[in-house]
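Following the hints, complete the assembly by docking chains B, C and D onto the known chain A.
Chains as they are written, first to last, in numbering that gives the first Met the number 0: chain A, 0 to 421; chain B, 0 to 421; chain C, 0 to 421; chain D, 0 to 421.
Just so you know, these hints were derived from the structure itself, not from any lab.
Among the hints, a few may not be true.
Pairs involving identical chains hold if they fit within one copy or between any two copies, as the list cannot separate such chains.
Derived lysine-lysine pairs resembling DSS-like cross-links, with alpha carbons at most 27 Å apart [as the list claims (entries may be wrong)]:
1. Lys-33 to Lys-60
2. Lys-261 to Lys-396
3. Lys-121 to Lys-228
4. Lys-228 to Lys-204
4 protein chains.
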Amino acid sequence: MTDYLANAIAIRRELHTKPEPGWMEFFTTARIVKELESLGWTVHLGTSQIGLDQVMGRSEKLVEENIARARKEGVSDKMLKRMEGYTGCIAEWKTDKPGKVTALRFDIDCVGVEETDDPGHKPNANGFRSCHKGFMHACGHDGHTAIGLTVARWVKDHADELKGTIKLIFQPAEEGVRGGAAQAASGLLDDVDYILGSHLALMCKSGIICPNPQDVLATTKFDVSYTGKPAHPTMSPELGRDALACLCTTVCELRAMTPHGKGMSRVNIGKIEAGEFRNVVPAHGTMQLEVRGATGEINDYMADQALRIIKGTALAYDVQYDVVKAGEASSMSNDEELIDLVTEVAKKVPGVTQVIREMSMGGSEDYTMLANRVQAHGGKSDFFIIGSDRPGAHHQKNFDIDEKSLGIGFEIYKGCLEKLNK
Amino acid sequence: MTDYLANAIAIRRELHTKPEPGWMEFFTTARIVKELESLGWTVHLGTSQIGLDQVMGRSEKLVEENIARARKEGVSDKMLKRMEGYTGCIAEWKTDKPGKVTALRFDIDCVGVEETDDPGHKPNANGFRSCHKGFMHACGHDGHTAIGLTVARWVKDHADELKGTIKLIFQPAEEGVRGGAAQAASGLLDDVDYILGSHLALMCKSGIICPNPQDVLATTKFDVSYTGKPAHPTMSPELGRDALACLCTTVCELRAMTPHGKGMSRVNIGKIEAGEFRNVVPAHGTMQLEVRGATGEINDYMADQALRIIKGTALAYDVQYDVVKAGEASSMSNDEELIDLVTEVAKKVPGVTQVIREMSMGGSEDYTMLANRVQAHGGKSDFFIIGSDRPGAHHQKNFDIDEKSLGIGFEIYKGCLEKLNK
Amino acid sequence: MTDYLANAIAIRRELHTKPEPGWMEFFTTARIVKELESLGWTVHLGTSQIGLDQVMGRSEKLVEENIARARKEGVSDKMLKRMEGYTGCIAEWKTDKPGKVTALRFDIDCVGVEETDDPGHKPNANGFRSCHKGFMHACGHDGHTAIGLTVARWVKDHADELKGTIKLIFQPAEEGVRGGAAQAASGLLDDVDYILGSHLALMCKSGIICPNPQDVLATTKFDVSYTGKPAHPTMSPELGRDALACLCTTVCELRAMTPHGKGMSRVNIGKIEAGEFRNVVPAHGTMQLEVRGATGEINDYMADQALRIIKGTALAYDVQYDVVKAGEASSMSNDEELIDLVTEVAKKVPGVTQVIREMSMGGSEDYTMLANRVQAHGGKSDFFIIGSDRPGAHHQKNFDIDEKSLGIGFEIYKGCLEKLNK
Amino acid sequence: MTDYLANAIAIRRELHTKPEPGWMEFFTTARIVKELESLGWTVHLGTSQIGLDQVMGRSEKLVEENIARARKEGVSDKMLKRMEGYTGCIAEWKTDKPGKVTALRFDIDCVGVEETDDPGHKPNANGFRSCHKGFMHACGHDGHTAIGLTVARWVKDHADELKGTIKLIFQPAEEGVRGGAAQAASGLLDDVDYILGSHLALMCKSGIICPNPQDVLATTKFDVSYTGKPAHPTMSPELGRDALACLCTTVCELRAMTPHGKGMSRVNIGKIEAGEFRNVVPAHGTMQLEVRGATGEINDYMADQALRIIKGTALAYDVQYDVVKAGEASSMSNDEELIDLVTEVAKKVPGVTQVIREMSMGGSEDYTMLANRVQAHGGKSDFFIIGSDRPGAHHQKNFDIDEKSLGIGFEIYKGCLEKLNK
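Just chain A, same shape as in the assembly:
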């Protein structure tokens, strides 16, 4: 095992014990910043790396609770103050030689799944199980962050061989595609010539690299809230307006939306709550949903359909509603130059057994929001998959990664930097 791989595994396991959901990654961000600054990177923190008007799906109340937890877990007040309530960071390494600006992006948040109790599950067997009840790195972002910090170490170790500028984007709130648009809006990427990002596992087993994944879905996330009127349910139900009933009917209709013939169209209603007390006609409700589409057009078709259903059903129940956009990602458009570069580099990385140019991925990524910004300024982008055997599907309680894939991921980024900035 190389020192770099060992470094990646150690960081990944540490982060795995402290999973934090999107916009709540205070411990994680502090850990990243500590590492980066000890290596000599310049780090943009807090609102300097966030376009505030593009922040989506962030709850001030949960932020406060999670800051409190991070404080308990040892994050200093000074560090928390630097974060200004906003997680993630963008680190910069300027060599003194002219050259291209290359950005690498790593996402850092977890999902809301309770980790399995199965003693055979590696994080249980090896003692790095999640300490945060109800939350788990069940999507591999702990590994992404670990690769990013290992690349950071390599850059420092080989600084005198490099030219141009390297930027590392540690993105908050990728789950729910909430953080990408905000970091893009910071403007810190507007000078970037090349941007690369990746995901572990997904549809690729260990040893496989896919430099141009297909079927990356455009998506829009909505938060919906309902306001009805309370009433006594037997004495005067006619005075009430049942927000809970409206919400449940809407859920049934949303799940039954008409699909699109030209490509994948999806909806998920992930979280709801409604009502106050058992014996009162429910007067409020909230719902978190997402639509997705193979293309922006299909995603828009689904979003329009959802909004029409929400409106019509609220009318049917005479209930007031409010819709807020809580996340957004577009479909993916990789550039040939970088697809070819990743392909070329990957083929030489030990452990890579196969480079499959195109495979269906099927999820969404707000890396696309960062890539769109870079491409809009003339830069180029590629997002690739680093294969990794996994015992369970993403977002399931027995998800895990093959840690050897951390080494492969690191080597590909390293190889690309050697081509682009050496």
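Then chains B, C and D, alone, in the frame of chain A:
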């Protein structure tokens, strides 16, 4: 205004500022006990007045949170210890003369409704608005408790004129009909000859007394929880089992249950929550519901229908479920002797303009669980309505009572005690 | 058995074999007219007894089919021509003596229920089972008509003892409350001083008469049609608008309408059809529904709620819809004078064991539309129940009447005529 | 225009005026047989070309009605007798020279869509609009049949140049994928070495040929019937079991089935009807649905999910149900040898501008049932798309084909026969 009425109004307003939902009435119980003990009553507190196996719809977690709040609001550790986590109390006044055992019952909890901001609302105008956000005495139980404590004062004042034993039942958790069965199961009422209870307002305006309300509904409350399987909603939705979808479909079906031809049949789903994260197939859900019926038979018909729908729909969605009974009340059966007594007494009370023997009430009351216990041991029961003008319906944010009705209620109880125990 | 009872039973059994649904009673009307004219009554037929603009829920296509069947079953072309496509009739007997105008009303249509095969069912055992597949006199209107024709015979037999005018209303399409408004609008009842109507069985066993039934529900019937857009369900579903899905969601919502606290409120969706072919997105749908309420106010509340749900859900599905009122009845208001008359007469009728002034009935009757018209012109009305044991509930396949009740019904009408017109 | 193209257009227009849905193609079959026999083909008709136990989705009642119509439209009793109630035919041309057995398949039925009134629609403008109300060749099978009969003519014209055997399969009931399995089960294809089939238009514009369409969906069709219990909806609704409500809830759940992550999964509920009369609790219902999947596995997943929902919801409503399989097709597997042959031939056909080997098709085809049978016996199969401009999507009222594509289709079949049987 008599001193007793002034006393009742003062207590009612104090309690109105600190509404506590069922099983959480720690401040309220402490206030009651303080009053009772200062007057010389013997008070049964904690588990001595509760049949633990009949406790329904009590959340240990919420109990802890509410104990903490009560402590902040000045309830002593000693008092909290005496309560043993269980609210309500049964007070006893034994005269030294032989005589009947008469029990009077007052319920003490509030509902989960946010009080109106309307400056014209009397609790706002007169400075006794609820301090507990999201909770309000919007059903008049603050008034009930105030009447009970005023009766307690009168008994002390007139102790030497009385014979037999008087018991005052301050019942927790009437909303949701959760507390009655438990207090009945304590056995403390098994020697009771007469039991009386009442409700303010409902279908009666100020000045009207109804000694034998009709259409008091039998009811059963259920808590339902669902367990599905999480999954990624676009990459592998087929691995998930959507507990949220199952719950919402069940809600739609429950609200559409076939009514009964022989009398009122009702269902209310008052509170739901489901799902974990927007982009995960939801793996859990919970639902609080109630069914009601004009008779026990109709209520059972509705309960059976609900259970069948819950079972069948869980099968349709391949989702696991669990149902727990969380509350229960039967239909009402008042005894002629006490109906006549209340009628006779009420007619002489100043302010009473009309005694209407039978009127439709339309709600449920777990006073029926206490009455059933007393009647099963040969005692007699009556439950009557004390009319009170109210600006809004029960359980609505602008509900209020006409405080003069507190005096009328007190006078009726006083008059009955004078007939039964003097 | 009196001759009159024998006459009633014979006619009832004959009609039982040829049940015809509302507006389709061509055989039945022909049979009635034949009887009436043979007895010397003047009969208003066809459009002379129908206010065309108040005709509700009549299908021209079904009319044609049922005329064809009636012709096959022996109704002459001449008779069919006299009917002008409209069933029912109003017969008149003018004595030459001055006196009151008394109207008696009998409804003549059947319901769409397939009669039981049970050999013990009396119509099976005695050979007068329905010959019209899918249709059955499962509500007793065969008996009503038989009573009416027996009264007609009695009037003829006792013509010289009578004074004033007697009108017999044989009303079509009571099921669905479609025919009453139209006959009322004919104007033929505007001179009526007294109107009487009745129903067999319902909540009364043989021997019981209820002269002032309660809970007769106001009701409105609606026909709803939907127009969506067809499309291929996998290649281009997004081009379709699914009328079938819209309809089914609407049904689920309608069945779950919020009830009213002040009295019975009901909805029934009795018939639907939608869609064209299995593999085409459905482009049309139709639905027959009814709402009911204990009062006109409650019925209006339900109707408004239904219309709001239909509108909102159509919006949610982007489907066009059309709503037509297909039937209407109001709640019931009997006059004391006639309630007392029926009570007095009934008490003397052999076989009547009990007259219970008020009992809950629970259905709807468009007799109310006729009564409203008479009362609006200063006349008085009463609608009473003639008890009859029945093996099954109304509208069930094993429904039957106790034929002795036909005699009791006849005697009550006879007795009233003797009081009013002798 | 060649004579063959003129022949195809004339036949297509004639057939377009008399569209007949699946299993009802009596006029169409008679027309085909007349043509084939006049050319000298041996024709297998009636049950000789149908495996009776594999017949799906055929209604005896509709068959009778459509035979009656065909008789009215001039089909002789003799011809109808030969058909034995089963439409479609398999024609055979044995040369006297040894050689391969090649089968060509053409489907002949229409869809249940009412043709547009738009005067610009070519069938309106040129006088060959559908004479069968509510039915239309809106999928191009009129063109398929016309190509088949033109090939039949060419074979006769060039019989002496050919060797081996040629079979022409005129398949009934392709819509709903009902007829393929039955013709396959006849055994008449078990000696076939090569089978070819095609579809006009779909995703290909005029001039494009796609010899290996992708995303041809496996599918299963189900007919579901429900039996509840009738009751009076206000007096005794509790005695009823509402089949209509059960059906509508099931529809809502079916439309909301969880999709599969590995490929397209679809459901369509195309036709429903339920209930008897507006004021009776509905006691019956029927539903026609289909599921589809990108693979047999996905289709099975959808079918299993549908059956589970039907079962669970029936349990929830205490309603009996029955499910019958009404159609079936598998996913498609073309053989390289024939893909290459069609490619090679197509490239030389005048009017063909582009041969695109793979394109997404997105529908289902029970050609797959015939191909499966041939492939199971060692034969080879290809199904290709013949591009055709069309003003509207398939199954929409303004669908039409570009008649020049009939010539292209004919030329490709001709070219293949020249390679395989010359």
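Check each numbered hint against the structure and report the violated ones by number, ascending. No hint contradicted; all consistent.
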